[in-house]
Amino acid sequence: MDVIKSDLLQQVREIYAKHLEMPYISPERDLQAWLNEVSVSSGKIVPKRNMERLDNGLLPGHIILLWRVNFGTYTTDTVISKYFEHTYGIDAQKDIHLLMEQGLVEEESAIVSTRHLTSGVLKSFLKEKQIKGLSSLKRADIDEAIRTHFSEEELTKLFALRGYTLTQKGQETLKCYPEVVDRHPKKKF
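My numbering applies: residue 1 is where the sequence shown begins, and numbers increase by one.
Derived pair list, reagent style EDC-like, types lysine to aspartate or glutamate, alpha-carbon separation capped at 20 Å:
{"#": "1", "residue 1": "Lys94", "residue 2": "Glu106"}
{"#": "2", "residue 1": "Lys175", "residue 2": "Asp55"}
{"#": "3", "residue 1": "Lys48", "residue 2": "Glu37"}
{"#": "4", "residue 1": "Lys94", "residue 2": "Glu21"}
{"#": "5", "residue 1": "Lys48", "residue 2": "Glu21"}
{"#": "6", "residue 1": "Lys169", "residue 2": "Glu108"}
{"#": "7", "residue 1": "Lys123", "residue 2": "Glu152"}
{"#": "8", "residue 1": "Lys157", "residue 2": "Glu144"}
{"#": "9", "residue 1": "Lys127", "residue 2": "Glu154"}
{"#": "10", "residue 1": "Lys127", "residue 2": "Glu153"}
{"#": "11", "residue 1": "Lys175", "residue 2": "Glu52"}
{"#": "12", "residue 1": "Lys82", "residue 2": "Asp182"}
{"#": "13", "residue 1": "Lys94", "residue 2": "Glu107"}
{"#": "14", "residue 1": "Lys44", "residue 2": "Glu21"}
{"#": "15", "residue 1": "Lys94", "residue 2": "Glu108"}
{"#": "16", "residue 1": "Lys138", "residue 2": "Glu128"}
{"#": "17", "residue 1": "Lys123", "residue 2": "Asp143"}
{"#": "18", "residue 1": "Lys18", "residue 2": "Asp7"}
{"#": "19", "residue 1": "Lys169", "residue 2": "Glu101"}
{"#": "20", "residue 1": "Lys127", "residue 2": "Glu144"}
{"#": "21", "residue 1": "Lys44", "residue 2": "Asp30"}
{"#": "22", "residue 1": "Lys82", "residue 2": "Asp95"}
{"#": "23", "residue 1": "Lys175", "residue 2": "Glu106"}
{"#": "24", "residue 1": "Lys127", "residue 2": "Glu152"}
{"#": "25", "residue 1": "Lys169", "residue 2": "Glu179"}
{"#": "26", "residue 1": "Lys44", "residue 2": "Glu28"}
{"#": "27", "residue 1": "Lys157", "residue 2": "Glu107"}
Each pair of labels, with its calculated beta carbon distance range:
{"#": "28", "residue 1": "Val181", "residue 2": "Asp7", "range": "36 to 42 Å"}
{"#": "29", "residue 1": "Leu158", "residue 2": "Thr73", "range": "16 to 22 Å"}
{"#": "30", "residue 1": "Asp182", "residue 2": "Leu158", "range": "36 to 42 Å"}
{"#": "31", "residue 1": "Lys18", "residue 2": "Leu161", "range": "37 to 43 Å"}
{"#": "32", "residue 1": "Ser6", "residue 2": "Lys187", "range": "35 to 41 Å"}
{"#": "33", "residue 1": "Ala33", "residue 2": "Thr76", "range": "25 to 31 Å"}
{"#": "34", "residue 1": "Ser6", "residue 2": "Cys176", "range": "37 to 43 Å"}
{"#": "35", "residue 1": "Phe159", "residue 2": "Lys82", "range": "26 to 32 Å"}
{"#": "36", "residue 1": "Gln10", "residue 2": "Arg115", "range": "45 to 51 Å"}
None of these hints come from the bench; they were simulated from the model. Even for Gly, the Cβ is constructed at its ideal location relative to N, Cα and C.
Take these sequences, add in the hints, and give me the full structure.
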């Protein structure tokens, strides 16, 4: 089995031999199925330009990850889109931490991350503290009650979900590479 996998990995290396860097390949990827797809269409290969580092040392996929974080919905529980691996050749789950180490992204506090929780979950936290009159509260009132009745430390113990946000440096970096974002396919709403 290892000999087969080694042979498949060698075939992948040959496909990417002219790329400046080898793209990330998930250990879960079915290499044989991918190689079969590549034999029919080169569209399944990470484009060379996506494996060329920008002048700041980041890859285009890192810029797309910054762009995604900038929407304000990217969290520790976000399902990672396959395009990070298949189109940009990066491991987004690992690389979010690289962007944090470089001061481009930061993890939100528990208090700030409550915005990612439903009103029902927040009301259940408040009920545990015997707070009354919750049924008539609007979301803004619930958020205010959470800030009033809970410390950061208390909230940290209640839920693990955290949001990510761009730092000033991350916002500036994103603004420097509009062409990377412009090339990325956008959903039409």
